[in-house]
Amino acid sequence: MHARSLIILVGIALIALLASSSLYTVDETQRGIKLRFGEIVETDIQPGLHWKLPLLNTVRLFDTRVQMLDASPSRYLTSEKKAVIVDSFVKWQIVDVTRFYEATSGNIQTAERLIAPRVDESLRNEFGKRELSEIISKNRDDLMTEPMAVLSDALRKALGIKLLDIRVKQVDLPSEVSNAVYDRMRSEREREAREYRAQGKESAEKIRAEVDRRRQVLLAEAHRDADILRGQGDAQAAAIYANAYGQDEEFFSFMRSLQAYQESFNGQGDVLVLDPESDFFKYLKAPEANASAR
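Numbering (our numbering), first residue to last: 1 to 294.
Among the clues, some could well be false.
[Claimed, not checked] Below are the DSS-like pairs computed for lysine-lysine, each with C-alpha atoms no more than 30 Å apart in a straight line:
1) LYS157 to LYS34
2) LYS157 to LYS82
3) LYS34 to LYS82
4) LYS129 to LYS81
5) LYS129 to LYS91
6) LYS201 to LYS157
7) LYS206 to LYS91
[Said to hold, decoys possible] FRET-style restraints, in silico, Cβ to Cβ:
8) ALA209 to SER79: 30 to 36 Å
9) ALA83 to TRP51: 57 to 63 Å
10) THR98 to ASN179: 48 to 54 Å
11) THR58 to ASP165: 31 to 37 Å
12) ASN179 to ASN107: 49 to 55 Å
13) LEU55 to PRO174: 23 to 29 Å
14) GLU195 to LYS91: 34 to 40 Å
15) ALA83 to ARG36: 52 to 58 Å
16) GLY48 to THR98: 17 to 23 Å
17) ASN125 to LEU53: 45 to 51 Å
18) ALA83 to MET185: 16 to 22 Å
19) ASP165 to SER79: 20 to 26 Å
20) PRO54 to LYS157: 33 to 39 Å
21) SER74 to MET185: 22 to 28 Å
Honestly, the hints are just simulated from the structure, not real lab data.
We put the beta carbon where it would ideally sit given N, CA and C, even for glycine.
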């Protein structure tokens with residue numbers, strides 16, 4: 001009984017081993033091919049559970065998701081023979097697993113080594129047709145639209161892949177050219193700055209001259225108005241004085257004499273030499289007579 005149970009267990013194990021060797025799964029992101037002693041017997045195996053003959057069949061699975069190849073920066077010449085450094089990358093996808101296996105033995109690195117020189121050649125030809133100003137100003141997404149369609153068809157036939165996109169990340173000038181361009185740009189900006197400064201100084205001088213002119217005009221008008229007002233005031237004062245003097249000329253003469261005495265003998269050491277008969281002392285000689293005469 002023990003030997004029979006052992007045989008049953010061994011049989012079950014062999015059946016399980018045979019089933020595990022016969023069944024395989026293809027993921028949603030994969031496609032497969034079935035080989036028999038290296039010869040393809042089934043292609044484009046879709047996702048799901050499948051079976052094979054153990055020892056006779058071999059299954060190769062391939063990732064059909066989008067792959068990206070980041071190319072090294074390359075030096076290209078434009079139509080006017082100016083060098084540019086172009087950094088780009090490529091998106092591609094396996095669409096024919098049979099052709100891909102036959103061309104690359106199913107190796108992604110081998111496929112990338114075959115894709116890179118073809119893309120490099122297309123970029124070189126495309127940049128060689130255009131001038132530098134056109135490359136810089138043109139939308140880079142449209143730069144490889146037409147060449148990519150031609151290249152994708154060729155790669156589909158040769159490698160079984162579809163070229164989804166070629167993107168130019170950056171276009172730079174070589175370092176020696178960049179330095180010359182930057183120096184020229186700096187010189188141009190400095191020249192423009194000098195022109196703006198000169199224009200600013202010229203405008204400032206014009207404004208300053210105009211302000212000085214207006215200041216002189218305002219001052220001249222102010223002095224003129226002041227002289228007119230002063231003359232009118234003096235005339236009005238003279239008229240008032242003349243009117244006042246005309247009312248009592250003797251009294252006015254007396255008041256002016258007192259004012260003259262006060263101003264003449266204001267200091268302690270003042271000395272005044274005059275003729276005793278001078279009219280300056282008229283009111284000091286006979287104040288009563290002058291007063292009675294008044």
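Keeping to a limit of 30 Å between CA atoms, is the pair of LYS206 and LYS91 held or broken?
-> 64 Å, violated
So does LEU55 sit 23 to 29 Å from PRO174, Cβ to Cβ?
-> Since the Cβ atoms of LEU55 and PRO174 sit about 59 Å apart, the hinted range of 23 to 29 Å is violated.
Between ALA83 and ARG36, does the beta-carbon spacing fit 52 to 58 Å?
-> Because 53 Å falls inside the window, the suggested range holds.
At the C-beta level, are THR58 and ASP165 separated by a distance inside 31 to 37 Å?
-> Taking Cβ atoms as reference, THR58 and ASP165 lie about 34 Å apart, which means the hint holds.
Starting from LYS129, check that the Cα of LYS91 is at most 30 Å away, please.
-> At roughly 24 Å apart (the allowed maximum being 30 Å), LYS91 and LYS129 satisfy the hint.
Quick one: are ASP165 and SER79 within 20 to 26 Å, going by C-beta?
-> 25 Å, holds
So the hint says 34 to 40 Å: do the beta-carbon atoms of GLU195 and LYS91 match that?
-> 49 Å, violated
Does 17 to 23 Å hold as the CB distance between GLY48 and THR98, or does it fail?
-> 19 Å, holds
Check the following: the C-beta atoms of ASN179 and ASN107 are separated by a distance inside 49 to 55 Å.
-> 43 Å, violated
Hint consistency between LYS201 and LYS157 [alpha-carbon to alpha-carbon, up to 30 Å] = With a Cα-Cα distance of about 71 Å, the restraint between LYS201 and LYS157 is violated, given a limit of 30 Å.
Should the hint that ALA209 and SER79 are 30 to 36 Å apart at their CB atoms be regarded as holding?
-> Violated, at about 55 Å.
So the hint says 45 to 51 Å: do the beta-carbon atoms of ASN125 and LEU53 match that?
-> Roughly 49 Å apart at Cβ, these two residues keep to the hinted range, so it holds.
Going through the hint list in order, the structure does not satisfy hints 2, 3, 6, 7, 8, 12, 13 and 14.
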